[in-house]
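K.L.:
Read off the chains here:
Protein chains: 4
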Amino acid sequence: MAKSKYEYVRTFEFEDRCLQNCWIVVRLDGRSFHRFTSSHKFEKPNDKRALELMNRSAAAVMEEFRDVSLAYGQSDEYSFILRKNTDLYNRRQSKIMSAINSIFSASYVYYWNTFFEDKKLLYPPSFDARIVLYPTDQNLRDYLSWRQADTHINNLYNTAFWGLISMKGLSNNEAEKVLSGTVSSEKNEILFKECGTNYNNELPIYRKGTVLVRKLVNLPPSKSKKHVICPLHVDIIGDSFWEEYNEILNLKDLILNKNFKPDDIFYLVKRS
Amino acid sequence: MAKSKYEYVRTFEFEDRCLQNCWIVVRLDGRSFHRFTSSHKFEKPNDKRALELMNRSAAAVMEEFRDVSLAYGQSDEYSFILRKNTDLYNRRQSKIMSAINSIFSASYVYYWNTFFEDKKLLYPPSFDARIVLYPTDQNLRDYLSWRQADTHINNLYNTAFWGLISMKGLSNNEAEKVLSGTVSSEKNEILFKECGTNYNNELPIYRKGTVLVRKLVNLPPSKSKKHVICPLHVDIIGDSFWEEYNEILNLKDLILNKNFKPDDIFYLVKRS
Amino acid sequence: MAKSKYEYVRTFEFEDRCLQNCWIVVRLDGRSFHRFTSSHKFEKPNDKRALELMNRSAAAVMEEFRDVSLAYGQSDEYSFILRKNTDLYNRRQSKIMSAINSIFSASYVYYWNTFFEDKKLLYPPSFDARIVLYPTDQNLRDYLSWRQADTHINNLYNTAFWGLISMKGLSNNEAEKVLSGTVSSEKNEILFKECGTNYNNELPIYRKGTVLVRKLVNLPPSKSKKHVICPLHVDIIGDSFWEEYNEILNLKDLILNKNFKPDDIFYLVKRS
Amino acid sequence: MAKSKYEYVRTFEFEDRCLQNCWIVVRLDGRSFHRFTSSHKFEKPNDKRALELMNRSAAAVMEEFRDVSLAYGQSDEYSFILRKNTDLYNRRQSKIMSAINSIFSASYVYYWNTFFEDKKLLYPPSFDARIVLYPTDQNLRDYLSWRQADTHINNLYNTAFWGLISMKGLSNNEAEKVLSGTVSSEKNEILFKECGTNYNNELPIYRKGTVLVRKLVNLPPSKSKKHVICPLHVDIIGDSFWEEYNEILNLKDLILNKNFKPDDIFYLVKRS
Chain A
1 MAKSKYEYVR TFEFEDRCLQ NCWIVVRLDG RSFHRFTSSH KFEKPNDKRA
51 LELMNRSAAA VMEEFRDVSL AYGQSDEYSF ILRKNTDLYN RRQSKIMSAI
101 NSIFSASYVY YWNTFFEDKK LLYPPSFDAR IVLYPTDQNL RDYLSWRQAD
151 THINNLYNTA FWGLISMKGL SNNEAEKVLS GTVSSEKNEI LFKECGTNYN
201 NELPIYRKGT VLVRKLVNLP PSKSKKHVIC PLHVDIIGDS FWEEYNEILN
251 LKDLILNKNF KPDDIFYLVK RS
Chain B
1 MAKSKYEYVR TFEFEDRCLQ NCWIVVRLDG RSFHRFTSSH KFEKPNDKRA
51 LELMNRSAAA VMEEFRDVSL AYGQSDEYSF ILRKNTDLYN RRQSKIMSAI
101 NSIFSASYVY YWNTFFEDKK LLYPPSFDAR IVLYPTDQNL RDYLSWRQAD
151 THINNLYNTA FWGLISMKGL SNNEAEKVLS GTVSSEKNEI LFKECGTNYN
201 NELPIYRKGT VLVRKLVNLP PSKSKKHVIC PLHVDIIGDS FWEEYNEILN
251 LKDLILNKNF KPDDIFYLVK RS
Chain C
1 MAKSKYEYVR TFEFEDRCLQ NCWIVVRLDG RSFHRFTSSH KFEKPNDKRA
51 LELMNRSAAA VMEEFRDVSL AYGQSDEYSF ILRKNTDLYN RRQSKIMSAI
101 NSIFSASYVY YWNTFFEDKK LLYPPSFDAR IVLYPTDQNL RDYLSWRQAD
151 THINNLYNTA FWGLISMKGL SNNEAEKVLS GTVSSEKNEI LFKECGTNYN
201 NELPIYRKGT VLVRKLVNLP PSKSKKHVIC PLHVDIIGDS FWEEYNEILN
251 LKDLILNKNF KPDDIFYLVK RS
Chain D
1 MAKSKYEYVR TFEFEDRCLQ NCWIVVRLDG RSFHRFTSSH KFEKPNDKRA
51 LELMNRSAAA VMEEFRDVSL AYGQSDEYSF ILRKNTDLYN RRQSKIMSAI
101 NSIFSASYVY YWNTFFEDKK LLYPPSFDAR IVLYPTDQNL RDYLSWRQAD
151 THINNLYNTA FWGLISMKGL SNNEAEKVLS GTVSSEKNEI LFKECGTNYN
201 NELPIYRKGT VLVRKLVNLP PSKSKKHVIC PLHVDIIGDS FWEEYNEILN
251 LKDLILNKNF KPDDIFYLVK RS
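Protein chains in written order, with UniProt numbering: chain A, 1 to 272; chain B, 1 to 272; chain C, 1 to 272; chain D, 1 to 272.
Keep in mind that the hints are not guaranteed to be accurate.
If chains are identical, the list can't say which one is meant, so a pair holds when it fits in one copy or spans any two.
To be verified - Each computed BS3-like pair below joins lysine-lysine, with the alpha-carbon atoms no more than 30 Å apart:
id: 1; residue 1: 48; residue 2: 193
id: 2; residue 1: 168; residue 2: 3
id: 3; residue 1: 120; residue 2: 3
id: 4; residue 1: 225; residue 2: 252
id: 5; residue 1: 252; residue 2: 119
id: 6; residue 1: 95; residue 2: 41
id: 7; residue 1: 44; residue 2: 5
id: 8; residue 1: 41; residue 2: 120
id: 9; residue 1: 44; residue 2: 223
id: 10; residue 1: 44; residue 2: 252
id: 11; residue 1: 5; residue 2: 48
id: 12; residue 1: 223; residue 2: 168
id: 13; residue 1: 44; residue 2: 225
id: 14; residue 1: 193; residue 2: 258
id: 15; residue 1: 193; residue 2: 3
id: 16; residue 1: 120; residue 2: 226
id: 17; residue 1: 44; residue 2: 168
id: 18; residue 1: 120; residue 2: 48
id: 19; residue 1: 95; residue 2: 44
id: 20; residue 1: 252; residue 2: 5
id: 21; residue 1: 252; residue 2: 48
id: 22; residue 1: 48; residue 2: 223
These are calculated hints, taken from the structure and not from any lab test.
Bear in mind that the values here come from a model prediction, so they are computed numbers and not experimental data.
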């Protein structure tokens with residue numbers, strides 16, 4: 001079609017390809033979620049439905065992009081890991097980052113009613129995104145360990161903080177003062193003694209966050225192989241997760257997963 | 001709060017600040033909108049409600065970011081212009097681009113029902129984003145002229161193409177053949193002779209796209225000054241638009257706009 | 001010619017083009033020149049021959065690259081200004097920066113003997129380089145003003161410092177203490193009263209640094225037009241320099257310069 | 001010291017840090033060396049003194065930067081490998097690249113007379129530079145294999161080409177035609193049959209290029225440990241080189257090298 005004399009402005013665009021052979025991580029973070037969670041009266045310290053909505057939105061990203069081999073979420077953030085050999089959008093940073101962020105953001109609004117049937121969405125929330133490259137498998141695992149360790153640190157604090165408020169009737173300031181300077185074992189102790197809560201009995205989704213993995217499974221009744229995305233709430237810092245899902249770091253194709261129980265929660269990838 | 005030994009992975013993040021004293025343009029494009037528009041049976045060649053939904057979503061971006069001084073949209077794309085002296089997010093590209101894209105994407109789903117009361121959103125659409133810098137006012141105007149010239153070129157073609165199909169009963173292939181190699185004046189001629197359509201009578205929103213500008217106005221009954229965002233469907237290639245809205249290129253504050261009629265369509269900026 | 005299977009490593013190279021329509025500045029700085037100047041017993045506070053060697057090396061850069069329209073040097077640094085519309089090396093940063101730096105560094109060693117006939121070069125000196133973009137003429141002028149203001153600030157201080165040492169017999173520490181916290185007028189006063197030196201009588205090359213400009217001139221006896229590079233020691237902060245050499249900011253071709261006196265110092269561009 | 005109002009222009013500089021945990025390769029290439037070699041009548045197809053001058057200049061770079069753990073050169077190009085964990089200049093690309101290029105360029109001129117006692121340097125040569133990142137050891141080895149395979153391909157061709165000209169009296173065009181489309185074994189055959197040359201008897205420096213490695217050695221008579229840089233002309237594509245110099249990929253300190261014979265050519269690192 002005809003071109004205008006203004007076309008020259010395209011030459012101002014710049015290339016922003018990710019370095020080859022590096023893991024690509026896209027992390028989304030809720031923008032102004034302090035205000036969003038209080039406007040929508042999310043439960044404290046964790047709102048299970050809100051976390052499940054995050055997971056559903058993240059699954060929508062994985063349904064769209066096969067090269068996102070794993071995702072990890074906690075609170076109002078989600079990290080997406082692209083295979084180090086991906087050629088998605090010629091590895092252009094802005095394309096990869098913006099597409100993932102847009103699918104996630106639109107899905108969060110789209111699926112809101114599925115998880116909050118009784119609660120109206122008052123305004124559209126939003127997320128910002130960043131992209132980071134990790135050259136080695138160890139760097140990637142350390143990135144994910146960093147996020148999961150962060151989940152633990154924040155959730156233990158928040159559980160103790162809200163426990164002191166809701167069960168002991170402390171004010172925010174008083175709760176803050178009690179916890180100030182305490183180490184993990186002390187927070188566990190406070191939770192147990194003051195609130196009667198054994199932290200280890202808290203829901204895994206709160207303590208561990210959610211890791212989304214891909215599985216190839218038999219889904220009754222059809223018995224044909226299906227590609228699904230499963231939310232797990234397990235440790236990803238130690239080796240055992242990485243041994244069980246060794247295809248991720250090894251860049252291998254999925255093989256039939258025989259441990260899959262169709263009663264598990266999962267998201268079916270339609271266009272597999 | 002405590003930090004883990006994995007914290008070092010943060011050093012892999014990189015700085016991506018926009019060069020100072022350049023206009024920053026963020027352009028969003030609908031991803032796979034061919035499929036999206038046909039799934040949702042958008043009207044051809046233009047769906048007025050869909051365009052208004054785009055405009056509403058873009059206004060949501062402008063409500064959030066004061067430094068977006070103008071936005072221009074057509075079809076499934078929208079460009080946002082940030083003041084050349086903006087310090088939003090320290091001019092970090094990924095932050096600026098992802099926040100704008102996320103607000104727009106979430107708003108598109110959120111406001112869907114406002115514009116398509118009778119039509120269910122079948123799945124969440126998404127947009128990709130890019131960021132481009134323009135050093136001079138002329139470069140910026142040429143960018144916007146490029147997009148509006150593109151609107152004209154595409155819309156004239158599409159209007160003639162769908163006119164030949166709907167009014168003359170041609171097949172897609174036949175219509176394509178008739179228009180192949182024609183210049184603008186010939187397409188105008190075909191439209192007029194074959195379809196009885198005077199292209200200049202087509203709606204300005206189709207022919208010119210939409211430019212969103214900010215205004216400071218008196219809104220009855222309160223008479224207090226309010227900050228609003230107004231959709232215009234005017235030429236932005238010539239000088240007159242830029243003279244009327246000279247505060248944009250001059251980086252000036254808004255002054256009270258006395259030509260504003262409260263019957264105009266506008267979006268009220270709540271937190272002005 | 002044949003290619004090896006290792007060729008894929010080329011895909012790891014990245015594009016680093018300078019934004020269009022911006023002035024490109026490459027600034028070189030002497031590496032470890034404190035050690036270099038003391039090893040080679042440069043005169044304090046200024047060594048005229050060393051400055052002339054810097055100028056000669058910078059002229060070599062301008063002889064090679066027509067799009068370097070101006071250069072400014074002081075002490076052990078030199079800035080090269082490339083026309084904002086240059087297409088040199090497709091505006092690739094690393095190519096532009098490294099070629100300029102290499103020509104300058106090699107020339108500095110090559111021309112050493114021309115300026116220091118009696119002094120042996122003990123080891124090869126080196127320079128680092130950076131590249132900076134300036135979108136507007138005002139930004140560019142401010143950059144050059146910054147460097148010339150720096151020349152003034154440093155040279156006034158150094159002249160007073162070394163004057164107190166050489167003429168008044170102060171130690172380094174004593175001289176430092178005398179000058180500590182003084183403003184320009186006070187340093188001028190100290191120089192005049194203590195050392196009998198009127199700072200304004202210092203050589204312009206010391207007070208103003210050197211700006212290299214291009215001229216098109218008649219060189220006797222041939223009378224044919226020649227392209228030369230002339231070192232000036234003039235103010236470049238005010239407007240008059242930019243009016244006289246208006247072709248620089250206006251991106252114009254050189255016109256015959258009738259004020260040129262063949263007795264002036266100049267470098268002939270051979271391949272004009 | 002005082003600052004001027006123009007200081008703001010510094011904010012236009014941008015950060016250009018190399019991604020952490022990647023091998024950093026800086027490759028220099030002679031600019032217009034076709035002209036340079038013919039002006040200086042370098043021997044064809046290889047000029048041994050010119051190669052030794054390249055090696056000497058590269059050694060100067062390694063003397064300066066401890067984190068350059070290996071360098072590889074051929075013809076008019078040289079690659080410098082920085083340890084993947086280097087923190088040199090905070091991994092800033094422009095600093096690393098420009099410093100290496102400047103030292104090399106200045107050294108080439110400085111040491112010219114050492115290698116070409118009877119030949120005057122007619123003008124200063126120059127080199128351009130680029131920087132490339134390699135995330136894994138394998139990528140790095142493949143990069144070096146690429147360069148050494150290139151050495152082989154070029155040198156075999158050039159040896160045959162100049163052999164046909166100097167020994168068989170062919171013209172450039174005729175020699176080119178004879179070699180056109182031949183594979184390696186055919187070029188070997190032509191060399192042997194037509195020129196009586198067994199390619200494998202050509203000097204290793206021509207066939208393999210030069211790899212510069214660091215060694216810690218006993219240098220008589222002092223017997224104290226000295227840090228030296230040794231030029232080798234060996235295969236670096238296979239594993240044996242990397243096993244012998246395993247400290248390079250393993251980022252280990254040097255241990256005393258007992259195979260070193262002081263008669264070998266080496267460059268002593270003074271400031272070890």
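K.L.:
None of the hints should be skipped; say for each whether it holds.
P.N.:
Now the hints, each set against the structure:
1. 48 with 193: For residue 48 and residue 193, the Cα distance is within 30 Å only inside one copy (25 Å; across copies 63 Å).
2. 168 with 3: Answer is between: at 28 Å across copies they meet the 30 Å cutoff, but 71 Å inside does not.
3. 120 with 3: neither (47 Å within a copy, 37 Å between copies)
4. 225 with 252: Cα proximity of residue 225 and residue 252: one copy only (17 Å, versus 49 Å across).
5. 252 with 119: Classified as neither; 42 Å inside a copy, 42 Å across copies.
6. 95 with 41: The answer is between: 27 Å across copies meets 30 Å, while 34 Å in one copy does not.
7. 44 with 5: between (57 Å within a copy, 28 Å between copies)
8. 41 with 120: Result: close both inside a copy and across copies, 11 Å intra and 28 Å inter.
9. 44 with 223: neither (42 Å within a copy, 42 Å between copies)
10. 44 with 252: Neither, since 40 Å and 45 Å both go past 30 Å.
11. 5 with 48: Result: close only across copies, 29 Å inter versus 55 Å intra.
12. 223 with 168: neither (53 Å within a copy, 51 Å between copies)
13. 44 with 225: neither (40 Å within a copy, 40 Å between copies)
14. 193 with 258: neither (43 Å within a copy, 66 Å between copies)
15. 193 with 3: Classified as between; 26 Å across copies, 74 Å inside a copy.
16. 120 with 226: Cα proximity of residue 120 and residue 226: across copies only (28 Å, versus 34 Å in one copy).
17. 44 with 168: Within one copy only: 15 Å inside a chain, 63 Å across chains, cut-off 30 Å.
18. 120 with 48: So residue 120 and residue 48 pass the 30 Å test inside a copy (17 Å) and across (27 Å) alike.
19. 95 with 44: Only across copies: residue 95 and residue 44 sit 28 Å apart there, 36 Å inside one copy, limit 30 Å.
20. 252 with 5: between (48 Å within a copy, 23 Å between copies)
21. 252 with 48: neither (33 Å within a copy, 47 Å between copies)
22. 48 with 223: Answer is neither: 32 Å inside a copy and 46 Å across each miss the 30 Å cutoff.
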